[in-house]
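Enquirer: Spelled out, the chains give:
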Amino acid sequence: MSFDSTRCFLTFLCINLLMIGCSNENVATLSTKSIIYCSEGSPEGFNPQIVISSTTIDATSNQLYNSLITHKGEDNELSPAIAKSWHITRDGTKITFYLRQDIDFHNTSYFTPTRKLNADDVLFSFNRILDSEHEYHDVSGGSYPFFERINFNDLVEDIEKLNEYTVRFTLSRPDSSFLANLATDFAVILSKEYADNLSATYSQQQIDLLPIGTGPFKYKEYRAGAFIRYTAHENYWQKDINIEHLIFDITPSNTGRLTKLLAKECDVVSYPIAHNKIVERSDLVLNEITSFNLAYLGFNTTKAPFNNKLVRKAISYAINKEAIIDAIYFGKADIANSIIPPASWAYDENIPEQEYSISKAINTLNEAGYPDGFTMNLWAMPVERAFNPDALTMAKLIAGDLQKIGINVNIIYDYEWDIFLKLITEGQHHAALLGWTADHPDPDNFFTPLLGCSSTSQGYIGTFWCNDEVDDLIKQSLQTSNIRSRKEYYSDVLKIAEDELPLIPIAHSKRFQGRSKNISGQLLKPFGGITFEKVKKN
Amino acid sequence: MLIFTLRRLNLFIFTLIVLTALSFSLSFLFPGDALINLTGQVNATPEQRLLLIEEYKFNSNIFQQYWAYLSHLFDGDLGVSIASHLPISSEIMNLLPATIELSVVALIIAMVVGIPLGFIAAVNHEKFADNTILFVSMLGYSIPIFWLGLLAILIFSIELGWLPSAGRLSLVYEIEPITGIQFFDILMSNSEYKWQAFQDATLHIIMPACVVAMAPMTTFIRLARTSMMEVLESSYIKAAKAKGLTFWQIIHRHAIRNALVNVIRYVGLRFANLVTLAMVTEVIFSWPGIGRWLIESIFQRDYTAIQGGLLALSSFIFIVHILSDFIYAALNPLAREHNHGA
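One line per chain: the protein sequences are A and B, in this order.
Take the first sequence: its position 160, counted from the start at 1, is 159 in numbering that gives the first Met the number 0, and no numbers get skipped.
Take the second sequence: its position 206, counted from the start at 1, is 205 in numbering that gives the first Met the number 0, and no numbers get skipped.
For the record, the hints were derived by calculation from the structure and aren't laboratory data.
Since we're looking at a predicted model, the values are computed, not measured.
Even glycine gets a Cβ: it sits at the ideal position worked out from N, Cα and C.
Nothing false has been slipped in among the hints.
No more than 30 Å apart at the CA atoms, straight line, and that leaves these computed lysine-lysine pairs for DSSO-like:
(1) B:193 to A:536
(2) A:535 to A:83
(3) A:32 to B:193
(4) B:193 to A:263
(5) A:263 to A:524
(6) A:494 to A:403
(7) B:126 to B:237
(8) A:238 to A:71
(9) A:115 to A:32
(10) A:263 to A:516
(11) A:331 to A:524
(12) A:516 to B:193
(13) A:535 to B:193
(14) B:193 to A:219
(15) A:524 to A:486
(16) A:238 to A:533
(17) A:524 to A:536
(18) A:83 to A:71
Over the 10 Å line for every Cβ pair with chain A, so calculated as not near, a few chain B residues:
(19) 7
(20) 31
(21) 146
(22) 178
(23) 179
(24) 184
(25) 232
(26) 235
(27) 331
Construct all of the structure, not just a fragment, from the sequences and the given hints.
Expert: This is the structure we're talking about:
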């Protein structure tokens, strides 16, 4: 009996091994047409309009959708996308977009488009955000964080359809960052026809879960915490896609992603660790791109003692930023002097690096009236981001630094990311390690979100710091398109921010990505985001 | 045989009662509200909560509550997960087959490798082969499984690149789950890449299954060795020798069969241990099974999931025990007549 079963199993094993042996040439067929991207987390939904998390943007915007216009080339010039051209009136308040007439929406198992993209779709996509009475406004909670932050509703007075393929935006005031905002990953165009179909079956909420867009890939399957499966959009308007399947393998553990890259289970991985290990291997490539981002320590300026700017200054003196750059970024980041990275035209070289001096820190703390120090809590982001790959260790380093001037730090880290953010917006923290990634090259994308009152009052930034002078300067800067005068306004803002220190800028980091050598084509976009449109597998 | 069956059935029912009572009491022992722990309805509105209290009889005595819990269990309702808000029963039905698949393949590997090795050791008692096999089995038994798993990944996935390090199947292949047992699903699917997928699934299971199989295999080696040595000492072997049968004839015809019966008896007992090992291995190899899910639920303090998962897993192990008892009884008539214990 035992011999029979053993024999049986051995035969089975041999057959298996034979099959592995002889069909190597067929194996090539499916895997060369597919790319597996190991991403760092699950998306919150499939509509970039309603989110700000970069994980969701990476998974959706450039894969599933297109915007009216886009940033292209070395200088990130604005270039046509869905709109083939546009025209701005002299006073800068009326902008007319002329749309392409050959753009198809995705044809999927849950929706078959009967017409091409036209002005109705553009109107639908933006009215959903602007009009609180709109049928779809409240479908996914009615919150459009990116658009709220840039005051989109105040800025846009009206959107009109001039004809089937022409749309005009009327602005309440000229805004030099308006076009740049329309070219971000958030301002995508949805299908009105699809929305109408959903309304007919009373399943409106599906619009953000089962996406229909015009982008290079279309949705096939998603299992939370496991994978997303996309297939190529066969009628993509721009050009033919080189791969047939795009699969996001959701692997939150960073060692897991590294292992999968080394074992060739992933073609591309996000945020790799152990850079040297990847560089050593001849069959792998490490890409890096200087991102427009910032890691900062934000103070809850509504809570004592952090409403005292001397306390904030003292802490700034006590933090050893160089040690942080070495330990957290392995030297692959720049120390941040101000909120603006050196690559931006708004960068001001007159702003010096914040000094590291324990004695000055102790003196300032005495001056502030806390000679014996105090105990504070410091919240460290529980997720990895390009701008801060390890907030917990950073918090520990800062805690060690602050110990020296008599401040005891309790690090708070244990929350899930969404709960963490919620508690920050409620102002539960004393100080928090957070960060910011720009969505487009205009420097306003740093100033308004990080220092503008409309944004800080929402709480995501964690400072609750609102300074009328700064707010006015930022607004004035948007009303002119003269770069020199804009730079002066921003320079003033940076000076006030340096003096008041609502947040301590820590680092501008680079974004890394590991991939197999047989994957070619540009993947990372300079202003955040990743696109698989032009990727090839050899 | 009838009495034997009734005895086992009796045991089965009473154990299940104890298990469900334990699982029910967990919802009071866990921190937080017992009703939320039991149902997983964290965001219930006051009206929904009243309905739940009514349904679970939380307004009457503890025995009625337990009875209400049992009747929910019989309807297949284990509540919803606090973390993912999905019904626990459907999560278990999705994940348990993966664990069964891994455990069964590991068990087969452990038996196919371990038992013959044990026999070889017994036949060569106190010779070089015996000592070597015992040494290796001792070594295998002492290696912690999480370390072995990581080492295997380091060698076979990262350095050599032969075997994949995570998951059940490359995400490239789309296989519709029907039975949940991946190999059957692949064979039943009508994908044109069926055979590629089958190979890929085989490559994926080799490493985790071997790692899980390591510890039970060493147990099987020693069990098979002892049992074979006992058999070789017995009088009927001596009688066979006296009849003039050659050594290999004795081993083949008499010894193996009788030694195997004793080994089979322990297979069921080893299975609980195997599933525990599989849970750890699932975490290391990202195997989408119930063990990994249970460990994640513990981290997320998902009490409803912990409760339901423990209940499902322990009843599963218990059912396997009973089944293996039946198999043993069917193979060995002595067991069902005299051996009333166990």
